[in-house]
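Here's the letter readout for the chains.
There are 2 protein chains.
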Amino acid sequence: MSSDLINPRTSHEEIETGLKLQPKFDRDGLIPCITADADSGEVLMFAFMNEEALRLTIRTGKATYYSRSRRKLWLKGEESGNRLTVMEVRVDCDQDVVLLLVNAEGGAACHNGFRSCFYRAANSDGTLEHVGGERLFNPEEVYGKK
Amino acid sequence: MSSDLINPRTSHEEIETGLKLQPKFDRDGLIPCITADADSGEVLMFAFMNEEALRLTIRTGKATYYSRSRRKLWLKGEESGNRLTVMEVRVDCDQDVVLLLVNAEGGAACHNGFRSCFYRAANSDGTLEHVGGERLFNPEEVYGKK
Numbered sequence: 130m131s132s133d134l135i136n137p138r139t140s141h142e143e144i145e146t147g148l149k150l151q152p153k154f155d156r157d158g159l160i161p162c163i164t165a166d167a168d169s170g171e172v173l174m175f176a177f178m179n180e181e182a183l184r185l186t187i188r189t190g191k192a193t194y195y196s197r198s199r200r201k202l203w204l205k206g207e208e209s210g211n212r213l214t215v216m217e218v219r220v221d222c223d224q225d226v227v228l229l230l231v232n233a234e235g236g237a238a239c240h241n242g243f244r245s246c247f248y249r250a251a252n253s254d255g256t257l258e259h260v261g262g263e264r265l266f267n268p269e270e271v272y273g274k275k
Numbered sequence: 130m131s132s133d134l135i136n137p138r139t140s141h142e143e144i145e146t147g148l149k150l151q152p153k154f155d156r157d158g159l160i161p162c163i164t165a166d167a168d169s170g171e172v173l174m175f176a177f178m179n180e181e182a183l184r185l186t187i188r189t190g191k192a193t194y195y196s197r198s199r200r201k202l203w204l205k206g207e208e209s210g211n212r213l214t215v216m217e218v219r220v221d222c223d224q225d226v227v228l229l230l231v232n233a234e235g236g237a238a239c240h241n242g243f244r245s246c247f248y249r250a251a252n253s254d255g256t257l258e259h260v261g262g263e264r265l266f267n268p269e270e271v272y273g274k275k
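Listed in order, the protein sequences are those of chains A and B. The opening residue of the first sequence carries number 130 in the numbering used here; numbering runs sequentially from there. The opening residue of the second sequence carries number 130 in the numbering used here; numbering runs sequentially from there.
These aren't lab readings, by the way, just hints derived from the structure by calculation. Any given hint could turn out to be false.
It does not matter which identical chain is meant; a pair holds if it fits inside one copy or across any two.
Here are the simulated lysine to any residue pairs, SDA-like style, with alpha carbons at most 25 Å apart [claimed, not checked]: (1) LYS149 / ASN267; (2) LYS153 / GLY255; (3) LYS149 / GLU180; (4) LYS149 / GLU208; (5) LYS153 / ARG200; (6) LYS149 / LYS201; (7) LYS191 / HIS259; (8) LYS149 / GLY262; (9) LYS201 / GLU258.
Sequences are here, hints too, so could you generate the full structure?
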């Protein structure tokens, strides 16, 4: 009996239609991870996971990513307190992307204090407009002045 | 006057809080792109864009990606007819991810015939369960038998 929840990649058909978790990590050992609100469906953030981050997320139910800039595991909310409780972990058809459906404690997933990192929409002339509502916290108070 | 909607990267602050589109493409010239349903918020698919795909998507309002396997632009739905009409293009805080909010003609964004590519959820033992509803089309009829 294998004690590991991450199974090796097999055939294209098994990966796309089968019922075994067979994630594909890229040449850097990472898999893209979309995080969305479990209730509203709203996309909150995007980050990467390595194999350990994916294992930890599934086992603990706390969203854990891999920080490429800091080169280490990143338990979301460790510093800010804005933890993400994972309600569901999904994979896409070819199992090379993960989707987390979460409840966001504190309401803000973005380090800039907004609910979602996607707080700006692009116009056709290359300008952006703010569509992300009010700040839910002041980043300087939470992370210190930069 | 610049006629280009894609502006060069400037300072961290300008990128995170400014109102100019300054997307970051990775070492392969690509930017991750999440596509979600404009009405329900549901995440439908994940793909990559190059600069031309992003420009075309903004200018035409039709979701256009870059296919890494075929190494060319990919107008979504060209083959299957399941086009994605773009209602809004968003960027994340550091402008290295794009989010498209779309209306999906035909209802199915996944090449396997499901509404979303994320039709399976992972259990804690490494098994998956189907959570993606019924198939909206038969892939063999649309793309031919593999």
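Hint by hint, here is what the structure shows:
1. LYS149 / ASN267: For LYS149 and ASN267, the Cα distance is within 25 Å only across copies (22 Å; inside one copy 42 Å).
2. LYS153 / GLY255: Cα proximity of LYS153 and GLY255: across copies only (14 Å, versus 35 Å in one copy).
3. LYS149 / GLU180: Answer is within; shortest intra-copy Cα gap is 16 Å, inter-copy 35 Å.
4. LYS149 / GLU208: neither (34 Å within a copy, 29 Å between copies)
5. LYS153 / ARG200: both (20 Å within a copy, 20 Å between copies)
6. LYS149 / LYS201: neither (27 Å within a copy, 31 Å between copies)
7. LYS191 / HIS259: Between copies only: 22 Å across chains, 29 Å inside a chain, cut-off 25 Å.
8. LYS149 / GLY262: between (39 Å within a copy, 18 Å between copies)
9. LYS201 / GLU258: Cα proximity of LYS201 and GLU258: none, with 33 Å in one copy and 30 Å across.
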